[in-house]
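Single-letter residue listing:
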Amino acid sequence: MNLSVRLRASVLGAFLVAAALPARAATADLPDLGPNVTVGRLPVGGTVIVSPAQGAPVAAVELWYRAPSTGFGPKPEPGIARLAAQMVAASKPIVGDPLGKTVSDVGGRLGITVYGDSVAISAVVPAIQARSIVKALTRAYFAPVATEDGFREAAREVEQESQISSFDPETVVRDAVFSELFSAGPQHFPTLGAPKDIAQISLDDTKAFATRAFRSQNATLVVSGAVDPGVASAAAGGRPDGDSSPEAPSEPEIASDLEPVTKNFVESVGGYGWIGPGIADTREATAMDFIADYLFRSDDGYVTRQVLQKYPQALLLGQFITLHDPGVMFVVYSGRDDTPALRTLVDDGFARVQQAMDPAAFSSALEAFKYHLLSDLQTPTEMADNFGWYNVEGAPDYAPGANGDGGIYFKTADSLTPDFVAAVAKKYFAKAPAVVTLRPEPAPAQKAKSQ
Amino acid sequence: MRTWLGAAALLALLGAAPTPAARYPTAFATDLGVTKLIAETDADAAISGAQIFVAAGLDREPKNGNGVAALVAECITRTPVAGAALRDAVAASGGTLTYTVDGRSVHYYLEARSEHLDALVAMFAQGLAAPDFSAPTIALARQSLAARETAFETNPLSVGIQMFRRSYYATSAGQPALGSTASLALLSSSDVAAFYRANYKRGAVFSSVVGKLTPGLDEALKQVARGLPDGPVIAVAERARAIPASAPRIVAHRDVSAPWIVVGFAAPAPNSRDFGAMLVLESLLSDAFERSSATTIGFLERSVGAFYLYDSTPASLVVYVNGSQVDPALALRELLIVSHSLSTRPLGAEPLRHFKAAAEGQFLSDSVNLSDRAYLLGAFSSQGLGDDSINAALGSLERTTGGDVQRVAKNYLQRYIVALVLPRQQ
Chain A
156 MNLSVRLRAS VLGAFLVAAA LPARAATADL PDLGPNVTVG RLPVGGTVIV SPAQGAPVAA
216 VELWYRAPST GFGPKPEPGI ARLAAQMVAA SKPIVGDPLG KTVSDVGGRL GITVYGDSVA
276 ISAVVPAIQA RSIVKALTRA YFAPVATEDG FREAAREVEQ ESQISSFDPE TVVRDAVFSE
336 LFSAGPQHFP TLGAPKDIAQ ISLDDTKAFA TRAFRSQNAT LVVSGAVDPG VASAAAGGRP
396 DGDSSPEAPS EPEIASDLEP VTKNFVESVG GYGWIGPGIA DTREATAMDF IADYLFRSDD
456 GYVTRQVLQK YPQALLLGQF ITLHDPGVMF VVYSGRDDTP ALRTLVDDGF ARVQQAMDPA
516 AFSSALEAFK YHLLSDLQTP TEMADNFGWY NVEGAPDYAP GANGDGGIYF KTADSLTPDF
576 VAAVAKKYFA KAPAVVTLRP EPAPAQKAKS Q
Chain B
20 MRTWLGAAAL LALLGAAPTP AARYPTAFAT DLGVTKLIAE TDADAAISGA QIFVAAGLDR
80 EPKNGNGVAA LVAECITRTP VAGAALRDAV AASGGTLTYT VDGRSVHYYL EARSEHLDAL
140 VAMFAQGLAA PDFSAPTIAL ARQSLAARET AFETNPLSVG IQMFRRSYYA TSAGQPALGS
200 TASLALLSSS DVAAFYRANY KRGAVFSSVV GKLTPGLDEA LKQVARGLPD GPVIAVAERA
260 RAIPASAPRI VAHRDVSAPW IVVGFAAPAP NSRDFGAMLV LESLLSDAFE RSSATTIGFL
320 ERSVGAFYLY DSTPASLVVY VNGSQVDPAL ALRELLIVSH SLSTRPLGAE PLRHFKAAAE
380 GQFLSDSVNL SDRAYLLGAF SSQGLGDDSI NAALGSLERT TGGDVQRVAK NYLQRYIVAL
440 VLPRQQ
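Those sequence lines, one after another, are chains A and B.
What the first sequence shows, in the working numbering, is residues 156 to 606, in sequence order.
What the second sequence shows, in the working numbering, is residues 20 to 445, in sequence order.
Be careful, since some hints might not be right.
Unchecked claim - From chain B, some residues computed to sit far from chain A (all C-beta separations above 12 angstroms):
#, residue
1, Leu51
2, Ala368
3, Gly422
As the list claims (entries may be wrong) - Here chain B is said to cover these stretches of chain A; the calculated rule only asks that three of the stretch's residues, wherever they fall, bring their Cβ under 8 angstroms from a Cβ of chain B:
#, segment
4, 298-312
5, 568-582
What the hints assert, rightly or not - Derived DSS-like pairs (lysine-lysine); straight-line CA-CA distance at most 25 angstroms:
#, chain 1, residue 1, chain 2, residue 2
6, A, Lys566, B, Lys429
7, A, Lys525, A, Lys581
8, A, Lys582, A, Lys525
9, A, Lys586, A, Lys418
10, A, Lys290, A, Lys256
11, A, Lys525, B, Lys82
Simulated from the structure, these hints should not be mistaken for lab results.
C-beta atoms are modelled at their ideal positions from N, C-alpha and C, and glycine is treated no differently.
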């Protein structure tokens with residue numbers, strides 16, 4: 156650890172507020188997320204959500220930040236958010252162990268996920284360790300320490316992760332679709348960055364990013380699972396550094412002209428996507444979620460079942476990604492030589508939902524959709540992800556987990572009709588999508604021949 | 020190389036502190052008359068899940084009948100009920116139906132909103148009582164299983180584990196869970212019907228539920244059992260072959276980019292006093308060789324990992340080496356050195372605390388959703404861990420001492436079978 160890093164850590168530590176206020180019950184300025192969910196403000200700013208639940212003695216402790224994956228500066232640095240978050244987890248503070256070791260010592264798992272405009276750091280731990288991990292996680296990410304060793308280790312790990320994800324068809328197609336749909340802004344770039352991008356990011360830039368992004372005032376702390384409602388009182392206080400406002404969402408630039416993209420990959424893969432409604436348009440956004448569930452739900456989606464029957468080895472994933480504004484409907488499919496035929500099945504599915512469904516079939520699909528929503532919220536991690544995501548995207552009380560099946564999301568789902576869903580599908584899917592095709596690089600002999 | 024030095028440092032620490040207790044809600048058993056129910060309840064649960072165990076797993080498959088347990092299960096989920104195939108009818112009603120074939124049972128899992136689960140279990144009871152074994156249904160079921168088996172064959176870890184199981188078990192419990200394309204093709208309608216008749220008996224069924232218990236659910240579970248004929252459930256021998264000291268090696272070639280090694284050991288059953296110690300060894304062998312990382316390393320990035328397979332009797336432990344991440348020969352050598360060293364002295368207090376915490380964390384992380392919890396509740400209970408069986412398993416882990424780990428390493432880790440999955444020669 157060099158001296159400047161030591162001093163920096165020490166200075167940041169000195170400003171930590173000694174004790175965090177316990178989360179309080181929802182008030183007028185805080186969202187109502189349900190009778191069992193406590194929402195409050197952290198002492199120097201930021202939101203805390205505690206969602207106790209019976210069940211497995213496990214807790215999810217998550218910190219969510221609004222932060223662009225490419226950094227705050229005018230020049231995009233793809234991967235800097237991921238690198239900064241990893242660096243903090245890897246850096247050894249003046250007192251105690253690096254966060255990663257602290258979590259693994261109690262048998263927990265630590266993960267970091269970066270999206271275009273947000274970062275989530277999540278720990279899954281035995282519930283009896285929840286308080287200590289709330290303390291450790293907030294200490295680490297409310298006053299981030301950056302050491303040269305931690306930076307080096309983080310760069311190595313993130314480069315490796317990036318390398319591995321470059322073989323993941325879903326990641327490659329999603330990044331390419333987003334890159335087409337958005338002409339600028341963080342959504343235009345891959346969230347992880349390419350290994351060469353990461354190698355170019357400096358320690359100073361990474362530290363500057365961490366200092367600005369990882370503040371209590373910009374944080375949403377979510378704790379879910381078999382925990383006491385007062386567990387958040389263990390949170391560190393944060394830096395009262397004058398800037399008490401959270402970061403604003405980035406303003407994406409939507410591309411006006413979409414050109415089909417073709418890239419080399421290890422196998423034949425296709426995908427496409429459309430711009431969809433923002434999170435504020437809850438009815439349209441819910442309709443898009445319903446469509447994605449109806450068409451692509453694993454095992455029993457309308458398209459999924461046809462694909463499983465005809466091409467059982469194929470890959471098919473489709474989802475609506477609810478974002479601040481706009482959201483994105485995205486699908487990826489792969490079946491070696493059958494990839495073009497898969498495209499036809501997917502196209503047919505999107506055409507089908509532009510027609511109003513038979514009322515009985517619609518009713519059944521809606522019931523299944525609502526069950527799927529609840530089923531996808533059954534673990535502490537799923538619930539914490541749900542509250543964290545919707546809070547960061549700016550609509551906490553629209554989270555499907557908020558107030559269970561009596562909340563805004565479920566009421567909105569109940570308001571859907573076959574005609575409305577068809578109208579939303581027409582509105583967004585009638586336009587040309589951003590299309591991405593990945594295909595195997597021709598063998599050298601074929602290359603030579605074609606030249 | 021740093022990874023292996025890490026393993027050496029671990030061994031240097033060989034020389035116990037109590038860990039706080041993690042506990043699931045207390046589970047209890049209810050005698051429903053015709054069948055038994057084990058439940059872990061949560062009155063506020065929006066979603067509930069039921070595992071319905073039938074003693075009709077791999078260990079009851081006849082010789083030359085591999086795949087019949089899965090084929091029967093697949094046909095049951097395709098049996099028409101309420102105007103659609105059972106699985107589709109359940110999905111259309113807002114639920115899911117899946118099944119898993121393992122060494123000792125086939126277990127069907129139903130999940131739905133808590134207030135709807137009883138209706139879906141009743142729907143399942145209809146399909147279970149009068150399955151469709153017609154030629155078209157069997158053909159579709161066979162096609163589906165064959166596709167899944169093909170996907171299974173592309174996963175080198177699954178292939179390696181299966182190679183070990185086949186070599187280790189002296190009974191059908193070591194056969195592939197879904198059969199193979201060849202074995203499935205040989206199964207006729209009468210084979211399928213005969214397996215069903217022989218094994219789907221009232222006394223072969225019990226259930227476990229996690230979530231909300233309702234009177235309607237009790238009644239539906241009774242209906243599941245009542246729909247099956249009474250009659251004796253024939254006991255099956257649960258045997259494994261003794262693993263020779265010569266460390267046999269089995270080799271297979273697949274379309275993989277790098278070699279994978281699976282080392283298989285015998286392991287204690289869940290009701291053994293050695294269970295907790297083997298969970299510690301599973302955790303230790305998984306983590307001791309892994310490179311350090313600030314965040315938890317995902318499965319694809321791992322170079323070495325371990326699975327304690329207690330779904331079959333006798334149980335086993337497998338340790339795998341991913342040759343795309345690490346030199347497999349070096350890894351194997353290190354693994355065997357560590358296995359031997361663990362048997363020579365007790366684990367010291369600090370490593371024991373660390374690996375017990377890691378083992379507990381791993382156990383809890385793998386047992387969070389309703390499906391896994393209901394499965395473990397039933398599986399552990401049926402293997403002698405009592406009604407509150409998941410907590411009993413955690414208790415076993417908590418009581419584990421350094422001496423226990425040494426004893427179990429000595430008793431189980433000194434003989435092994437090595438399965439090598441190698442890339443095909445170009």
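- request: Would you pick out the hints that fail for this structure and give their numbers low to high?
  value: Of the numbered hints given earlier, those the structure breaks are 5, 6, 11, listed in rising order.
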